[in-house]
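Use the sequences and the hints to build the structure in full.
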Amino acid sequence: MAATLIARPRTRAYKPKARTGCKRCKIRRVKCDETKPCCKRCTTTGRICDGYDPRFVTPRRSPLTRIPPTSTSPPHPNPSQEVVDFASELRSFNAPSFLLPLLRLDSDDERINLQFYMKHAGPTLARSSNSAFWQRQVLQAAHQHASVQHCIIALGAMHRRFSKSKLTPNDLDLPDPHLKFTLQQSNKAIQQLLRDQIESDDTGVVDNLTAMTCCILFGSMANLQGQQKAALDHLRSEPVDIDTNSPWALFELHCRIETLLKDTLALNRSCVVSPATRDDIEHEHALLVTRFQRISNTLDSLRTIAPSINFPANDSSKTMLLVTDTYHWLRSSVEPLQRHFNIISPLSTISHDPVEHFTNMMPHMKHLLSLTSPSTPVYSAAPGLLFALWRIGTSAPSPCIALRREAVELMAKHSRREGMFDGRLAGCIGRIALALEQSAARRELELGEHVEGSG
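Every letter in the sequence shown is one number past the one before it in UniProt numbering, and letter 220, counting from 1, is 220.
Hint data in this document are derived by calculation from the structure and do not stem from the laboratory. Hints are supplied without guarantee of correctness; some may be wrong.
[What the hints assert, rightly or not] Each computed DSS-like pair below joins lysine-lysine, with the alpha-carbon atoms no more than 30 Å apart: (1) Lys180 to Lys229; (2) Lys26 to Lys188; (3) Lys180 to Lys164; (4) Lys164 to Lys318; (5) Lys229 to Lys188; (6) Lys413 to Lys180; (7) Lys26 to Lys40; (8) Lys229 to Lys413; (9) Lys23 to Lys36; (10) Lys23 to Lys40; (11) Lys164 to Lys366; (12) Lys36 to Lys26; (13) Lys229 to Lys164; (14) Lys23 to Lys188; (15) Lys318 to Lys413; (16) Lys164 to Lys413; (17) Lys413 to Lys366; (18) Lys318 to Lys366; (19) Lys188 to Lys36; (20) Lys188 to Lys40; (21) Lys188 to Lys164.
[Unchecked claim] Derived CB-CB ranges, DEER-like: (22) Thr372 to Glu199: 40 to 50 Å; (23) Asp233 to Thr326: 27 to 37 Å; (24) Ser373 to Asp233: 28 to 38 Å; (25) Ser395 to Lys366: 14 to 24 Å; (26) Pro177 to Ile27: 25 to 35 Å.
Bear in mind the structure is a predicted one, so any value in this text is a computation, not a measurement. We put the CB at the ideal spot given by N, CA and C, even for glycine.
Here it is in structure tokens:
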């Protein structure tokens, strides 16, 4: 009987690991080509070679604890703690945990402000816009592009300045260390973008996505400083001829631009859309109404199970505001559809009390505003409570005059910014608008000018 030969498993010949590579290649755990003074393994991939140090030892990787995808909420911040555990923060926010050690930071100020962005600014912006842009994509871009890294650090410093400020919007223009550091980082980002542009002219490849990302970050910095015109200028300066192999990331960026401009475009009521045919309009409107009715029926079913859903609470208030907002815009289209296109909306047969509608909105908005102190600065990238308060203060019917005043005073009371909206400035404008409206009504009724304090 022939003997059965058992093949021995092949083993790789032992070779000692090279320890003469550059520091960045050691951190990345890749083979360094050891080109002096800067290795090509770093320079050809857009990285900065940190040089050679035979005594440099890479930090040992600690095992990462897997966190469920739903654990995206940041831990409760400690105001007295400026330095945080960066790796744990990255894991908590579902951000790539391997990115930070590879970012080259030249000073403690850069490290502190980058950490502030990771712990506070990034999660806040992500929650307000429901986008992975702020916590994931910009960090991945910062890993490859120094200009984006400087923009993130600058945005962290500006957000840190805004969150600590108790000043009026005009006072925010005064110079201070945070603003000076923000301008320095912004200048570094612009200089790096110019260098990248010069290098791209040699290769024939223009990274429009990087420039677009920087414009969005610059726009957010301008919003935090109360410079709405500058924020719009940054958005308008984005490259138009975009050719990228990452349509998903491009989609996120376009969503971000749309969010920033939505509150401004919504105020322009002179915009006219020319649809294809009348039948298309009627069909699309009917679909929207049908979807909304399904949502309303679902909420009615939930009310029978949990009647407390109508009472202000954190999650239910956000849901109820979203539903009432949607219903408001659907109801607003009923009369124009009938006047311009002779379309009878299904909502026209349903009774609607605008006074009750706006009155029901206010308790939920007051509850959400009460979650933060009026003097605590709050910034979000997308329009939210301020936009709803502005609509009540300017669009509610005449019987809601007390409610309109309350909405205007709430805007003026809270140090809050949402995209292009500044709460205190909007409140001041609302006060003037109400005063002019009441003065015009009194003149029309021949009641004379209203004397302050007469009722």
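Can you confirm whether the C-alpha distance between lysine 318 and lysine 366 stays at or below 30 Å?
Within the cut-off at roughly 11 Å; holds.
Has the given pair, lysine 413 with lysine 180, been kept, meaning a C-alpha gap of at most 30 Å?
Distance ~29 Å between lysine 413 and lysine 180 Cα, so the pair holds.
Holds or violated: lysine 229 to lysine 188, with C-alpha atoms at most 30 Å apart
Judged against 30 Å, a Cα distance of about 22 Å means the pair holds.
Looking only at beta-carbon atoms, does the pair aspartate 233, threonine 326 fall within the given range of 27 to 37 Å?
holds, 32 Å
Given the hint that lysine 164 pairs with lysine 318, does the C-alpha gap stay at or below 30 Å?
Distance ~26 Å between lysine 164 and lysine 318 Cα, so the pair holds.
Does the Cβ distance between serine 395 and lysine 366 fall inside 14 to 24 Å?
holds, 18 Å
Hinted pair lysine 23 and lysine 40, Cα distance within 30 Å:
holds, 13 Å
Would you check the hint for lysine 229 and lysine 413, treating anything up to 30 Å between C-alpha atoms as holding?
OK: lysine 229 and lysine 413 at ~24 Å, within 30 Å.
Between lysine 180 and lysine 164, is the straight-line Cα distance small enough, at 30 Å or below?
holds, 15 Å
Straight-line alpha-carbon gap lysine 318 to lysine 413, limit 30 Å
holds, 21 Å
Look at the Cβ atoms of threonine 372 and glutamate 199 and judge whether their distance stays inside 40 to 50 Å.
Since threonine 372 and glutamate 199 have Cβ atoms about 45 Å apart, the given range 40 to 50 Å holds.
Taking 30 Å as the top limit, are the C-alpha atoms of lysine 36 and lysine 26 close enough?
This hinted pair holds, its Cα atoms lying about 16 Å apart.
In the structure shown, no violation is registered for any of the earlier numbered hints.
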